[in-house]
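Line by line, the protein sequences are chains A and B.
So for the first sequence, UniProt numbering puts the first residue at 1; every next one is plus one.
So for the second sequence, UniProt numbering puts the first residue at 1; every next one is plus one.
Don't read these hints as lab results, they were simulated from the structure.
Incorrect hints may appear among the rest.
It does not matter which identical chain is used: a pair holds within one copy or between any two.
To be verified - Once the Cα atoms are required to be at most 25 Å apart in a straight line, the calculated BS3-like pairs of lysine-lysine come out as:
#1 141 / 329
#2 363 / 252
#3 32 / 370
#4 305 / 356
#5 103 / 333
#6 363 / 300
#7 367 / 252
#8 281 / 363
#9 176 / 332
#10 332 / 170
#11 225 / 305
Now for the letters of each chain:
There are 2 protein chains.
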Amino acid sequence: MTIIQQTKPNALIIGTGGVGVIAAYSLSFQNKCNVSAVVRSDYDYLTNSSGYNITSCDYGKVENWKPDNIYSSVEKASEAGIFFDYIAVTTKNIPDGPTPLDKIVEPIINSNIINWDHDLDRSTNIVLIQNGIDIEHQLDKFSIDRNTREKPSVCCISGVQLICSTRVGKCLIDHKSKDNIIIGPFDPKDKLANEKSHEFIDLYFNEGHNMAEFDKDVRYTRWRKLIYNATINPLTALAELDYSRCYEFGDKEKRSDSGYYSSTEQKILRPAMAEVMCIAKSEGYELQQSDIEFFLNETKYICYKPSMCVDAENNQLTELVVLLGNPLKIAKKNGVYTPLLEMLYNLMVIKQNTIKERRGLIKFDEKTCKVIA
Amino acid sequence: MTIIQQTKPNALIIGTGGVGVIAAYSLSFQNKCNVSAVVRSDYDYLTNSSGYNITSCDYGKVENWKPDNIYSSVEKASEAGIFFDYIAVTTKNIPDGPTPLDKIVEPIINSNIINWDHDLDRSTNIVLIQNGIDIEHQLDKFSIDRNTREKPSVCCISGVQLICSTRVGKCLIDHKSKDNIIIGPFDPKDKLANEKSHEFIDLYFNEGHNMAEFDKDVRYTRWRKLIYNATINPLTALAELDYSRCYEFGDKEKRSDSGYYSSTEQKILRPAMAEVMCIAKSEGYELQQSDIEFFLNETKYICYKPSMCVDAENNQLTELVVLLGNPLKIAKKNGVYTPLLEMLYNLMVIKQNTIKERRGLIKFDEKTCKVIA
Numbered sequence: 001m002t003i004i005q006q007t008k009p010n011a012l013i014i015g016t017g018g019v020g021v022i023a024a025y026s027l028s029f030q031n032k033c034n035v036s037a038v039v040r041s042d043y044d045y046l047t048n049s050s051g052y053n054i055t056s057c058d059y060g061k062v063e064n065w066k067p068d069n070i071y072s073s074v075e076k077a078s079e080a081g082i083f084f085d086y087i088a089v090t091t092k093n094i095p096d097g098p099t100p101l102d103k104i105v106e107p108i109i110n111s112n113i114i115n116w117d118h119d120l121d122r123s124t125n126i127v128l129i130q131n132g133i134d135i136e137h138q139l140d141k142f143s144i145d146r147n148t149r150e151k152p153s154v155c156c157i158s159g160v161q162l163i164c165s166t167r168v169g170k171c172l173i174d175h176k177s178k179d180n181i182i183i184g185p186f187d188p189k190d191k192l193a194n195e196k197s198h199e200f201i202d203l204y205f206n207e208g209h210n211m212a213e214f215d216k217d218v219r220y221t222r223w224r225k226l227i228y229n230a231t232i233n234p235l236t237a238l239a240e241l242d243y244s245r246c247y248e249f250g251d252k253e254k255r256s257d258s259g260y261y262s263s264t265e266q267k268i269l270r271p272a273m274a275e276v277m278c279i280a281k282s283e284g285y286e287l288q289q290s291d292i293e294f295f296l297n298e299t300k301y302i303c304y305k306p307s308m309c310v311d312a313e314n315n316q317l318t319e320l321v322v323l324l325g326n327p328l329k330i331a332k333k334n335g336v337y338t339p340l341l342e343m344l345y346n347l348m349v350i351k352q353n354t355i356k357e358r359r360g361l362i363k364f365d366e367k368t369c370k371v372i373a
Numbered sequence: 001m002t003i004i005q006q007t008k009p010n011a012l013i014i015g016t017g018g019v020g021v022i023a024a025y026s027l028s029f030q031n032k033c034n035v036s037a038v039v040r041s042d043y044d045y046l047t048n049s050s051g052y053n054i055t056s057c058d059y060g061k062v063e064n065w066k067p068d069n070i071y072s073s074v075e076k077a078s079e080a081g082i083f084f085d086y087i088a089v090t091t092k093n094i095p096d097g098p099t100p101l102d103k104i105v106e107p108i109i110n111s112n113i114i115n116w117d118h119d120l121d122r123s124t125n126i127v128l129i130q131n132g133i134d135i136e137h138q139l140d141k142f143s144i145d146r147n148t149r150e151k152p153s154v155c156c157i158s159g160v161q162l163i164c165s166t167r168v169g170k171c172l173i174d175h176k177s178k179d180n181i182i183i184g185p186f187d188p189k190d191k192l193a194n195e196k197s198h199e200f201i202d203l204y205f206n207e208g209h210n211m212a213e214f215d216k217d218v219r220y221t222r223w224r225k226l227i228y229n230a231t232i233n234p235l236t237a238l239a240e241l242d243y244s245r246c247y248e249f250g251d252k253e254k255r256s257d258s259g260y261y262s263s264t265e266q267k268i269l270r271p272a273m274a275e276v277m278c279i280a281k282s283e284g285y286e287l288q289q290s291d292i293e294f295f296l297n298e299t300k301y302i303c304y305k306p307s308m309c310v311d312a313e314n315n316q317l318t319e320l321v322v323l324l325g326n327p328l329k330i331a332k333k334n335g336v337y338t339p340l341l342e343m344l345y346n347l348m349v350i351k352q353n354t355i356k357e358r359r360g361l362i363k364f365d366e367k368t369c370k371v372i373a
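Excised from the complex, chain A in its bound form:
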């Protein structure tokens, strides 16, 4: 393999949907790093066309843009002879699916280690621009021997993003709300990850365009987002219905003012959100009642379908494990009582396996009525 020496750091984006393409473009904007991308469904189209066409609230109309390098798979990227300093993962995080996170990044980590095996000043910095809690532990096996420093380190950086950006056609991106990303080490005590988080922000932040802020304790922000993602997300996925309808289709009870209570809010979402707060609290993270009000109302009147609902409707596996399964593991460990979240989870487990059956990932024998592996 020809090893390409470069002076600028190399960033690889894995996952080029609406979020990934904006991330790639943001990193390339000031030309401070080389940007590569693993492109799946758009690969053939992209290589044979002049590039992405992006309508962006942050960058205006961007026509015919391409990353510096394009690969059809992580394996191909790992064979390119490039040390990828930053791997930004923007795929969905589905540990129970056929390509869990560790399998996705492993080829790149291995090629970094093999080809630069004694370049101990370099590290493979994996930026997980994904939702959910405890997602970084899927990469623990890569950092076990970090302190021995016999090969380039692997370090884990958290990215929590507020953005509305959608792939609306082949290489066609519609980016509607300001990219606002919060970056920081998963482990606040991890010096290297702290340092690399700041370096990544320097590459990503484009003044006057997007927002990229450092956060020394990202877990708080992750818990806060779970108020929405562990409750409204699975509810809408179970109902296969936008949140507005889920709300309006509840039993209604008149309030003392002219309004009414919906059972969806009063009997499912509020108590389930309170359970999320209790789990976070059991870890020392104090979420606010105002967060519940914010997430209850943010998308109530816009017929919005959260990602888990869209996935369920499209027979795609959902992020059930990281959005709801992992919080419940913490609840169990800490003795937090979470009957509603557990019910949502146990119902969603059935739905997730229904999707797995439809995708041929599991088989159900109707004669014995058993799942056959």
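Knowing the structure of chain A, use the given hints to seat chain B on it.
Then chain B, alone, in the frame of chain A:
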């Protein structure tokens, strides 16, 4: 209207699916009563053909059978000039649908009262061959002035049926498991209903063929059936999945023997069934743990879709109110804690309204995100 005088009692069957046709045939078998039927989807076919063809485990092959009278609607039946002594209702019981029980039977009750207004020896005896609890109260308004005895009484009889009989084509009935019906007054203290229950059994029971037993306290049997109908029914409807898959698709946890626990059973169904037992107990009905085991296992390995699941899949309104809503009203009144049943109910309320929207029974305005009446 010509008033037809008859010496035998008249029975009218409303609802001629698999269950209703067998009921009609059973009543006609010994020719002890005249049997009329309100036939909806099969009406044209039935009037232009030689009759029903029934393959029955109780009666063998029955070819070209017709009830004595056939009507296309209850209104038509009410104009026939017949006093219907027994109205056997075998439709689904959906109080929140367009044709609730009181509307279904009202034309017949009115015609009985108007045309025989001083025949105080006769009574309109309504036999509800339907599942659920507190269904008889939908008819309370008809029996308010029963004690004044100024017009023929209305009395309410409960029928709880164990049967497997399906309409498999136009006027084609496949009756697979022995008809076993338990008959009794909804109110054990109601002397007239007691007496009329026995009379109905005399008409319905055909020795050597079917089973028809008197039960002086039908509520126990209704509660017992709710162990299944308030839990497995809504679960499978929410998942739109047969019970076997719902069971097998749960998270599995190894047991000390070679088997495993399914989260569907351990975390949803067993606790929800225990809640049904607690509600029944709060009314003085002592269900047994063995009932739970029976219902958990009865249909576990036959890929069976309960009625609520079939209804949801076919965009038909489900019996949510009588199978789950009414039990929860009793729980609330008696202070019984039922978090899992409530969650199943509140999720099913969303599903029921989704079905209503699809059937045009409610309208949702996507601009305002409100249900418009």
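Consistency of the hints with the structure:
no.: 1; hint: 141 / 329; result: within (20 Å within a copy, 53 Å between copies)
no.: 2; hint: 363 / 252; result: between (41 Å within a copy, 16 Å between copies)
no.: 3; hint: 32 / 370; result: neither (55 Å within a copy, 49 Å between copies)
no.: 4; hint: 305 / 356; result: both (21 Å within a copy, 20 Å between copies)
no.: 5; hint: 103 / 333; result: neither (27 Å within a copy, 54 Å between copies)
no.: 6; hint: 363 / 300; result: between (38 Å within a copy, 17 Å between copies)
no.: 7; hint: 367 / 252; result: between (44 Å within a copy, 20 Å between copies)
no.: 8; hint: 281 / 363; result: neither (40 Å within a copy, 41 Å between copies)
no.: 9; hint: 176 / 332; result: neither (39 Å within a copy, 47 Å between copies)
no.: 10; hint: 332 / 170; result: neither (44 Å within a copy, 54 Å between copies)
no.: 11; hint: 225 / 305; result: within (16 Å within a copy, 37 Å between copies)
Hints 3, 5, 8, 9 and 10 from the earlier list are contradicted by this structure; the remaining hints agree with it.
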